[in-house]
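Go ahead and model the full structure; you've got the sequences and the hints to work with.
So the sequence lines, in the order shown, correspond to chains G and S.
The working numbering puts the first sequence at residues 33 to 267.
The working numbering puts the second sequence at residues 33 to 267.
Watch out, some of these pointers could steer you wrong.
Which copy is meant is left open, so a pair is good if it fits within one copy or across any two.
Pairs of lysine to any residue, SDA-like flavour, derived with a Cα cap of 20 Å [stated by the list, open to error]: (1) Lys-174 - Leu-138; (2) Lys-263 - Ala-73; (3) Lys-216 - Gly-58; (4) Lys-219 - Tyr-175; (5) Lys-174 - Thr-84; (6) Lys-162 - Ala-57; (7) Lys-161 - Gly-68; (8) Lys-216 - Ala-88; (9) Lys-161 - Ala-184; (10) Lys-96 - Ala-121.
What the hints contain is simulated information worked out from the structure, not anything from laboratory work.
2 protein chains.
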Amino acid sequence: MHYQLYYWPTIQGRGEYVRLALEEAGAGYTDVARRGHGMGAMSKMLEVEKGTPPFAPPFLKAGKLVIGQTANILLYLGSRHGLAPKAEAGKLWVHQLQLTISDLVLEVHDTHHPLGPSLYYEDQKAPAKKRTEEFWDSRVPKYLGYFEDLLAANGGSYITGRRLTYVDLSLFQIVEGLRYAFPKRMKAFEMEIPGLVGLRDRIAARPNIKAYLASDRRIAFNEDGIFRRYKALDG
Amino acid sequence: MHYQLYYWPTIQGRGEYVRLALEEAGAGYTDVARRGHGMGAMSKMLEVEKGTPPFAPPFLKAGKLVIGQTANILLYLGSRHGLAPKAEAGKLWVHQLQLTISDLVLEVHDTHHPLGPSLYYEDQKAPAKKRTEEFWDSRVPKYLGYFEDLLAANGGSYITGRRLTYVDLSLFQIVEGLRYAFPKRMKAFEMEIPGLVGLRDRIAARPNIKAYLASDRRIAFNEDGIFRRYKALDG
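As structure tokens, then:
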């Protein structure tokens with residue numbers, strides 16, 4: 033099956049969790065909006081007329097299916113490409129972890145957009161600073177502490193045990209993103225999460241991921257995405 | 033199967049989407065933390081030692097399974113209790129809609145907590161006011177407009193067509209919650225969403241839901257939940 037991924041063409045954003053899964057799986061896909069006329073095609077898919085229009089990108093076209101919501105796309109891809117257990121209990125558990133990562137990603141976004149997604153960062157710098165303090169004081173330790181403990185409790189290799197899942201790929205992206213957006217804060221925090229840092233290194237060294245990261249299919253981090261480097265927010 | 037639902041005992045919150053599904057299905061369940069010693073039992077389940085500890089309530093115990101994340105719990109319950117299609121495509125579609133509702137619920141929470149969940153509302157009143165303006169100017173029309181259009185495109189009875197799903201129950205809760213938290217704003221907005229208001233009425237009239245809403249199992253809205261009535265935020 034050759035997939036069509038629909039996502040904003042100039043950012044990693046939420047689409048990146050899907051790209052990493054497709055790349056690790058060696059799946060064939062077209063990153064539609066990065067091609068000519070791709071943005072128009074994406075807009076057309078979002079119109080509510082009939083069928084199953086997504087609310088927002090990313091969404092994946094898989095044959096006749098159109099699947100929206102990042103974690104839902106990974107739920108679909110996971111068992112098809114060996115990135116999640118096939119049995120229901122394991123599938124639900126891995127999906128649950130991914131939904132917790134979705135919550136974290138939203139909180140990352142809120143560090144620079146506490147007053148909402150429709151206003152510019154420049155119009156909410158002071159609240160962004162406050163929200164970021166709270167994020168690093170309380171939320172990062174809670175989320176990453178949870179995943180660090182899980183990793184240790186399950187043997188230290190991958191988050192659910194001895195087999196890689198799409199959650200491990202997403203945790204790689206979380207570590208990379210926090211390093212990009214908050215280099216000073218993250219440097220100080222990394223000693224709290226040696227397991228996750230090791231996981232990040234193992235994921236980065238996997239052949240398909242390594243090739244992807246070195247390719248122009250990997251969009252660079254920038255200040256339009258979820259993880260943004262604003263000096264004022266980095267301590 | 034008799035379920036154990038674990039959620040905060042004094043609020044509707046995210047647990048309410050699960051309660052509504054269990055009630056509509058006529059499923060047997062214990063709302064654990066509302067019983068004596070229930071809070072202690074819930075805390076114990078959140079400890080990361082082994083197995084599949086949830087990150088946060090709500091979570092559902094179903095035999096040996098422990099399932100966390102609201103939308104994931106509904107994914108599990110949906111096909112078992114006739115509240116979602118059994119076939120994969122329909123299941124993913126309904127789940128996708130529920131995940132979009134989860135995003136909306138988070139934005140509702142952010143109206144009174146734009147600087148993050150660890151600070152009190154009283155310490156973020158001015159940013160809350162700004163965030164709420166943006167929520168009503170831009171986000172509510174986008175989310176509810178999407179669901180209103182979907183409902184119309186699919187015949188007007190239920191969000192995915194002629195059969196009730198857990199998404200319809202959740203949309204009932206969204207309308208109820210917005211009416212509670214923002215009575216003035218919602219009153220003015222309801223003319224934009226006649227379909228959803230009609231859906232709300234049909235859900236409220238279903239025998240199991242009607243009995244539930246009249247029982248003491250339904251916790252009243254209050255200012256510790258997701259939907260909070262703060263006069264300063266209501267226009």
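Status of the hints after comparison with the structure:
no.	hint	verdict
1	Lys-174 - Leu-138	both (15 Å within a copy, 18 Å between copies)
2	Lys-263 - Ala-73	neither (36 Å within a copy, 44 Å between copies)
3	Lys-216 - Gly-58	neither (34 Å within a copy, 53 Å between copies)
4	Lys-219 - Tyr-175	within (17 Å within a copy, 38 Å between copies)
5	Lys-174 - Thr-84	between (36 Å within a copy, 17 Å between copies)
6	Lys-162 - Ala-57	neither (40 Å within a copy, 44 Å between copies)
7	Lys-161 - Gly-68	neither (38 Å within a copy, 42 Å between copies)
8	Lys-216 - Ala-88	neither (33 Å within a copy, 29 Å between copies)
9	Lys-161 - Ala-184	neither (33 Å within a copy, 42 Å between copies)
10	Lys-96 - Ala-121	between (27 Å within a copy, 10 Å between copies)
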